[in-house]
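S.K.: Protein chains in written order, with our numbering: chain Y, 150 to 397; chain F, 150 to 397; chain C, 150 to 397; chain D, 150 to 397; chain R, 150 to 397; chain P, 150 to 397; chain W, 150 to 397; chain S, 150 to 397.
If you are wondering where the hints come from, they were derived from the structure by calculation, not from laboratory data. Values in this document were obtained by computation on a predicted structure and should not be read as measured data. Worth double-checking, as some hints may not be accurate.
Stated by the list, open to error - Dumping the calculated EDC-like pairs for lysine to aspartate or glutamate here, alpha-carbon to alpha-carbon at most 20 Å:
1. K164/P - E160/W
2. K214/D - E246/D
3. K163/W - D316/P
4. K344/C - D313/C
5. K396/R - D343/W
6. K223/P - E235/P
7. K299/S - D316/S
8. K163/P - E235/W
9. K163/D - E166/Y
10. K164/S - D313/C
11. K163/P - E168/W
12. K163/Y - E168/D
13. K164/D - E168/Y
14. K163/D - E168/Y
15. K214/S - E246/S
16. K163/W - E267/P
17. K396/C - E267/D
18. K163/F - E168/R
19. K163/Y - E160/D
20. K164/R - E211/F
21. K164/D - D170/Y
22. K396/C - D313/C
23. K163/S - D313/C
24. K260/S - E246/S
25. K163/C - D170/S
26. K223/D - E206/D
27. K396/W - E168/R
8 protein chains.
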Amino acid sequence: MNKAEIRALLEQVKKQELEVDTALKAMEDLPYKELGFAKIDNHRELRVGYPEVVYCEGKTVEQVKAIFQFMYAKESNILGTRANAEMYASVQAVCPEARYNTLGRTITVQKNPACQTESYIAIVAAGTSDAAVVEEAFETASILGNKVQKIMDVGVAGIHRLFDHMDTIRGAKVIIVVAGMEGALASVIGGLVDKPVIAVPTSVGYGANFGGLAALLSMLNSCASGISVVNIDNGFGAAYSASIINKL
Amino acid sequence: MNKAEIRALLEQVKKQELEVDTALKAMEDLPYKELGFAKIDNHRELRVGYPEVVYCEGKTVEQVKAIFQFMYAKESNILGTRANAEMYASVQAVCPEARYNTLGRTITVQKNPACQTESYIAIVAAGTSDAAVVEEAFETASILGNKVQKIMDVGVAGIHRLFDHMDTIRGAKVIIVVAGMEGALASVIGGLVDKPVIAVPTSVGYGANFGGLAALLSMLNSCASGISVVNIDNGFGAAYSASIINKL
Amino acid sequence: MNKAEIRALLEQVKKQELEVDTALKAMEDLPYKELGFAKIDNHRELRVGYPEVVYCEGKTVEQVKAIFQFMYAKESNILGTRANAEMYASVQAVCPEARYNTLGRTITVQKNPACQTESYIAIVAAGTSDAAVVEEAFETASILGNKVQKIMDVGVAGIHRLFDHMDTIRGAKVIIVVAGMEGALASVIGGLVDKPVIAVPTSVGYGANFGGLAALLSMLNSCASGISVVNIDNGFGAAYSASIINKL
Amino acid sequence: MNKAEIRALLEQVKKQELEVDTALKAMEDLPYKELGFAKIDNHRELRVGYPEVVYCEGKTVEQVKAIFQFMYAKESNILGTRANAEMYASVQAVCPEARYNTLGRTITVQKNPACQTESYIAIVAAGTSDAAVVEEAFETASILGNKVQKIMDVGVAGIHRLFDHMDTIRGAKVIIVVAGMEGALASVIGGLVDKPVIAVPTSVGYGANFGGLAALLSMLNSCASGISVVNIDNGFGAAYSASIINKL
Amino acid sequence: MNKAEIRALLEQVKKQELEVDTALKAMEDLPYKELGFAKIDNHRELRVGYPEVVYCEGKTVEQVKAIFQFMYAKESNILGTRANAEMYASVQAVCPEARYNTLGRTITVQKNPACQTESYIAIVAAGTSDAAVVEEAFETASILGNKVQKIMDVGVAGIHRLFDHMDTIRGAKVIIVVAGMEGALASVIGGLVDKPVIAVPTSVGYGANFGGLAALLSMLNSCASGISVVNIDNGFGAAYSASIINKL
Amino acid sequence: MNKAEIRALLEQVKKQELEVDTALKAMEDLPYKELGFAKIDNHRELRVGYPEVVYCEGKTVEQVKAIFQFMYAKESNILGTRANAEMYASVQAVCPEARYNTLGRTITVQKNPACQTESYIAIVAAGTSDAAVVEEAFETASILGNKVQKIMDVGVAGIHRLFDHMDTIRGAKVIIVVAGMEGALASVIGGLVDKPVIAVPTSVGYGANFGGLAALLSMLNSCASGISVVNIDNGFGAAYSASIINKL
Amino acid sequence: MNKAEIRALLEQVKKQELEVDTALKAMEDLPYKELGFAKIDNHRELRVGYPEVVYCEGKTVEQVKAIFQFMYAKESNILGTRANAEMYASVQAVCPEARYNTLGRTITVQKNPACQTESYIAIVAAGTSDAAVVEEAFETASILGNKVQKIMDVGVAGIHRLFDHMDTIRGAKVIIVVAGMEGALASVIGGLVDKPVIAVPTSVGYGANFGGLAALLSMLNSCASGISVVNIDNGFGAAYSASIINKL
Amino acid sequence: MNKAEIRALLEQVKKQELEVDTALKAMEDLPYKELGFAKIDNHRELRVGYPEVVYCEGKTVEQVKAIFQFMYAKESNILGTRANAEMYASVQAVCPEARYNTLGRTITVQKNPACQTESYIAIVAAGTSDAAVVEEAFETASILGNKVQKIMDVGVAGIHRLFDHMDTIRGAKVIIVVAGMEGALASVIGGLVDKPVIAVPTSVGYGANFGGLAALLSMLNSCASGISVVNIDNGFGAAYSASIINKL
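Please build the complete structure, drawing on both the sequences and the hints.
M.R.: So, in structure tokens, the structure goes:
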């Protein structure tokens, strides 16, 4: 609420065109639902038509269920990330059409038919072992209403596999690159395209990988331009950013 | 060069419509200039109209001069990053219109009038001490042809300073957030906008800042969605990514 | 026991007003109970009326039980932290009124009616997942005799939720901020209040969070003044410090 | 500005007791001075009577001078931290009574006679080499209006030196412990007092000290209760927090 | 496919000696099998006669089985690394002659009689606890067709045990040194031989070993020349490199 | 075998007083038993009367059993460290008098009556939770024939508990200090005694303790002189070093 | 000196064919020259025809000069690494034909005409800024008698530059890959060749590069097989290992 | 001062055999000299005949001079470590016989003829570049009254150089091993001797050495028993511990 809007409200109050209570309400900023243990942000949904997102890790099964139940009443789409099977079971009891992606650990409730974008997001993954992160990104991008193309197992150890898919990759409006180990795929793709690349390091690897640190540092230090990076294994974050860009 | 294009070429050769040497040349993939110590990539320029970018750190003054001299003959805009004053002096001798941003350590040669975008990139900085990174980002975004709005010194320690500029920030097509110390500004802005946010951690700080590590980890772990991150102090990279998005 | 007190004792002995043994006893410094595997510090309790605190992690169930049993005979309040359910069961056998906070992993024995402070400690938490640390802090502050206000789920991703509770936060004598991920909440609150802020980084998060390191570094590097920090997940320590300040 | 205050304003506007422009101004939230490269926060000063604080590192000499010049016009006390001698010289040209603490690297301008607290802050340092941090803390606490007691060189390698000063230490309302190397002094003092202890790790040491990391981790993991920690070498931050507590 | 070969193809097409489709096919570069979740690289096998290698960790049992099944049809040798017993059971169902090395966690399918090298690879291990890595290296080197000599438990704590085997070690064409803890064995052997040494740090150890980091850093900083290093616990990688060298 | 001894042997051979084979055998250096997976060092035992030490972690139960069985035939004392209960059960089958220390995870076989030292080693521990490391050190020092005094739970949070035991500590010939968390006890004791102090950091703690790193760095950076440090949780190593010193 | 050789010597002594002193001398193992501050290893030179290598960093100018002077008398080639210009000046005074590579910081004295290998080592570098490490590797490989091919500036950001040189790279017997930033070049080349690849991470980069750590971890975690790694900036070590392999 | 001694004092006071002031003085514990910026510990000197040690780094030239001047009046030996040439010059003005070791950066004042030990400390160093740390250890051990043997440049890259000095090493009562890079020398010597080994990691090296971290971790994880470790480059600490042991 900016200065001009406040002035307008004040003028209306002065002219008695507006009740004090109505003005006050308009100036109030309480766009969330208090659940006691959580405050659900209604604001974002109204503003941008995005579904609610619930980060389930560290919450109890009961808390997750209660949050879904509340949201379910509101007719919006819902996305739960980092959810386990037990959480899904409890959610299903209150949201019958909830769907669970075992690999990606997402719960999705699609109440409104998706109004999909024409342009698409490409999700390109280095190895089969990166699939969990790919699935989280895929479910996120899809529930947010994006068309998505997945390209799996094109890591740089056999770079000809990548080159065969360059047309699909170059055709995307934004590209998510998912890679563990040394994460070199991000740099190689970054050097071949002129689209925004969002790189997701994964914790795939062992030893001096240090839980994804190797891929993370590699991607942050890429010699190719046009690459930005999200947290290790953060398929959700990459897809969320990609969705904003894809819808620009 | 894809399969369809190669087939077309082959058909032309078969029909004798095309000389073998011409076809061969078309299939050759040598779009760079060999300078001995460097191979200048002409390809990217032709393809996307972007200026050449020279990362000057670690190169000798002579090498920087030679690269600018070669590029200067090609009528394209040129951007040199991480350049010191001595490099600039030597470049100026061969590119009289070269301009130097002391704080941002950039050399720019603007040979073509910039065809600027209508939408703009907002560069938002937490503190005065982050100015060097802001300037690198500003020069990069500008030479790439983007309209840019700079908002300085709106760190979260006095958050009301930020709120006063939210309209400018929300009006941007893409937002670059530059912050050192704990880098909290990225999260706060990320929670307030629906535009892509590219966060640049800076090495501003001391002690347990560990050269920007604190801000980097902070930004990678942001609780706000829609944020992606580039390397510490990488104003260039943030602006390059932002430019791609701004021009989508 | 300072120089003046020792002189006084010596004068009394000289004047035969005091027995050597009595003087000796007064000078002895053995204010602890030897249990073999542990030496229980009686001194702190007598001096400051604080309850005994038992750090249960790394102790056997038998040791925890024995320590509670000994303390229970002394009519003081008792607090056990990082206790598991099995420890609680064994303690309950000897201290029937012992209470267990499952989330906070605390065992409390309130033998004396709490003489509560008038001023209160505010415990402000960024997310629902930080609840375990909040509960440890809450139980600690409460058994130490402080009035406490809990404000949950006001992380900076939806900063309007925080602003709605600023009156409660500003009304506290000391504020504990509990946050994982990037821990930005500490900086935002630190910039808005003029009360001591004790920040507790939590291990909530994943990937480049590195077990709470991201939030810890973020809080240590806060651009806001007036913030001091305790160990990752150390709800007890934050509440203990806050209690000392609240009772000043 | 809370709901009740806004309602009151609206009522006044409605009753025509207040001009729209006056109400608007009251609701505006622009309590800072725009200097272009910096936004000086006037708000904190008005609210809490604290002097302005300028973090000089990373700013140019000209910027530091300009900020002091602006503040100097306002009759408030001013504190500049991490300032070098050149900055001081330029500040002195515009603020003749500015004072420089070479060791502590602070510039102070005391325009108002300090209204000192009765209670005092004790600053206890492990070694002579920690003096720079002690001085920063001392200047900060003093300009903020606190009485301060400094106790130097009482590290645990000769613990009897510490015990001789325990009365002074215990008499303080809040204690700042400054220590490098292994930082054990914080734990020892923490175990001996019932006052809030703010620990400042310093970068004094070498080798596996890793720039103060050893002392930082040591203090964060202290087995004594009642200790909170600030950034490495952050004498300012410790004194600022201590001042808030000392003035409660 | 180089320039000369392309010219030759074009000439043939021009002379109508070659069909466009045949030329196109020759120019196509699709030497992999698409399995959906994986793209199996046929190219490497054809080119160098090496068996397929499957990194099983992070793949599902079904995926591992499907990959082995596909490869099994091709009459090449197969090596699976980081495989668990369940994976082996499922592979055995489709490749009856598959063999499992429990310690080394490898699945091997030897369809072609090994044409072994005359020269041998020496695998030298510091301790019995390094056996898992030794076995992975041994199985890899063997299935790749190398003669191998294993020398176990010759760590530097009892250096005379090592000296007794120096003839065998010096007789090898390439030496793999496997060591955990401080990894000093690599330096000692490196100083005694004139053969390429490939050092494998293992995660054997505890405390400040940090999962193999101590041995890794030790080997990278060896004062002896002629040593190169692979990832922690990467017996496969060491053996693969050693095999290339052994077959030169 | 030094130069003088070799000359003597050569003279004997020249004078035909010694057979070539006998001389050769004397010059051979094979003082270990080859078990295939392990080479047991007989040399150290003969030379210094020390028992064999078996580091059990990472070995299979069968390997541990076989090593004990071989050693058992030799009438020497045996010490197994980091052994689990299953290993102990298998060892007991072949060494009936083997004893297991559950907390310390040691297996000891005392075949020869210990010829104990007159001087003693003091093992001083900060907390009850450090008991596992204390027990490993205690069993090691005891089987090596040292008199040992254990002093538990004298951490610096209640430093008066320590002072009460200073006579016992000062009476030792060498002192082992075991401490987790911030490990300050080592510095405090180091400043109070003139005996060699061997400090053992333990992994007791959480959060920014990083598995004992905090205590390790603290001890390495101690401001007190006369302290040397062993690996995190390495009770065995501390006791072994202490035993060498105690027997000097 | 092995068992068979000692037996032969003993037989000769027995048969009086050999003097005791002569046998003793033959058995002595003193193949080094004592310079007081250094012990120059003559053994390696005699055994393998390699030149002496002097690591100059951390030595005084006088020490470097003295070592070169001693070696110069022996007619062997000499290589000094990490030498500064002052060291070179002092060496030139005693070895007139000494040559200095400013970029690579090497001093070389080529007294014997190099007997060069037929096969060659390829040194492939990602960027112009990696030249210092390339030069150290080049000088080392050359003085060791190897034919070398340098390929500069073929980083993955413009991967077509690399593909144009694949024939030269594939033609080498062993390949050294030098890369800073994210070091992805090693993985890309590793996936394209069947020759041993020795990867050298360089400290080229900034921010989260952490002095070469990013490239180091990247190379250690490469998804391509056949890659082994040396220390950051260790051009010498890579060339030394490559030389051993090239001469097999 | 223990319980029995206090009782005796009290009895004397009671019997009027002792004045209150005398008793008080006996009970006072002020064995240090207050210099304002430093408290010089007289206690240690009186108790153990050791010289004063001044850690000069981080102190001003004036402070160092003042401390030496005060000590000089007391007829004890003095040792200053980490002193620069300027400090030495100022000390020399007040202590004419002060001696400076440029490499070791020590100032020594030997006022009393050293009463040297019969047994000796061996200081064994891996490389010439470790000389600075060796010299600090040598000066420390010497001024503390120990006989010392230095053995330089016997690193494991040419292990025969070490074996030639094993008699001298084995003859010592305690051994200091100084090594940078990978620090393997400590393990090799640890496996060959039965004397206490104090290992000093040095910061000699580059790249993944991380300022001595590689050698430090290597030594802490040594597979040899009987090794304890001091801080990186801490020659003083190693010699101090060795001196205590040598004098037992």
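S.K.: Give a verdict on every hint.
M.R.: Each hint tested on the structure:
With a CA separation close to 12 Å, the supplied pair K164/P and E160/W stays within the 20 Å bound. For the hint pairing K214/D with E246/D, the CA-to-CA distance comes to about 14 Å; that is within 20 Å, so the pair holds. A threshold of 20 Å between alpha carbons decides the hint, and for K163/W with D316/P the separation of about 65 Å lies outside it, so the pair is violated. Simply put, K344/C and D313/C have alpha-carbon atoms about 18 Å apart, close enough for the 20 Å limit, and the pair holds.
For a cut-off of 20 Å, the pair hint linking K396/R to D343/W stands: about 11 Å separates their Cα positions. With a CA separation close to 24 Å, the supplied pair K223/P and E235/P exceeds the 20 Å bound. A C-alpha spacing of about 13 Å is found between K299/S and D316/S, which places the hinted pair at or below 20 Å, so the restraint holds. With a C-alpha separation of about 56 Å, the suggested pair K163/P and E235/W falls outside the 20 Å cut-off, and the hint is violated.
The hinted pair formed by K163/D and E166/Y meets the criterion: a straight-line CA distance of about 10 Å does not exceed 20 Å. Of the pairs offered as hints, the one joining K164/S and D313/C is violated, with about 74 Å between alpha carbons and a cut-off of 20 Å exceeded. Of the supplied pair hints, the one linking K163/P and E168/W holds, its CA atoms being roughly 9 Å apart against a limit of 20 Å. Restraint check: the Cα-Cα separation between K163/Y and E168/D comes to about 9 Å, which is no more than 20 Å; the hinted pair holds.
A C-alpha spacing of about 12 Å is found between K164/D and E168/Y, which places the hinted pair at or below 20 Å, so the restraint holds. Using a Cα cut-off of 20 Å, the hinted pair K163/D and E168/Y holds, with the two alpha carbons roughly 9 Å apart. Of the pairs offered as hints, the one joining K214/S and E246/S holds, with about 14 Å between alpha carbons and a cut-off of 20 Å not exceeded. Under the criterion of a C-alpha separation no larger than 20 Å, the hint pairing K163/W with E267/P is inconsistent with the structure, at around 51 Å.
With a C-alpha separation of about 18 Å, the suggested pairing of K396/C with E267/D holds against the 20 Å cut-off. At most 20 Å may separate the alpha-carbon atoms for a hinted pair to count; K163/F and E168/R meet this at roughly 9 Å. Between the alpha carbons of K163/Y and E160/D the distance comes to roughly 9 Å, so the proposed pair stays at or under 20 Å and holds. Distance check on the hinted pair: K164/R and E211/F sit about 50 Å apart at the alpha-carbon level, beyond 20 Å; violated.
About 14 Å separates the Cα atoms of K164/D and D170/Y, which keeps this hinted pair within 20 Å; it holds. With a CA separation close to 27 Å, the supplied pair K396/C and D313/C exceeds the 20 Å bound. Between K163/S and D313/C the alpha-carbon distance is near 70 Å, which puts this suggested pair outside the 20 Å criterion. At most 20 Å may separate the alpha-carbon atoms for a hinted pair to count; K260/S and E246/S meet this at roughly 8 Å.
The straight-line distance between the Cα atoms of K163/C and D170/S is roughly 12 Å, inside the 20 Å bound, and the hint therefore holds. With a C-alpha separation of about 23 Å, the suggested pairing of K223/D with E206/D is violated against the 20 Å cut-off. Distance restraint check for K396/W and E168/R: the Cα-Cα separation of roughly 46 Å exceeds the 20 Å cut-off, and the hinted pair is therefore not satisfied.
Comparing the model with each earlier hint shows violations of hints 3, 6, 8, 10, 16, 20, 22, 23, 26, 27; every other hint is respected.
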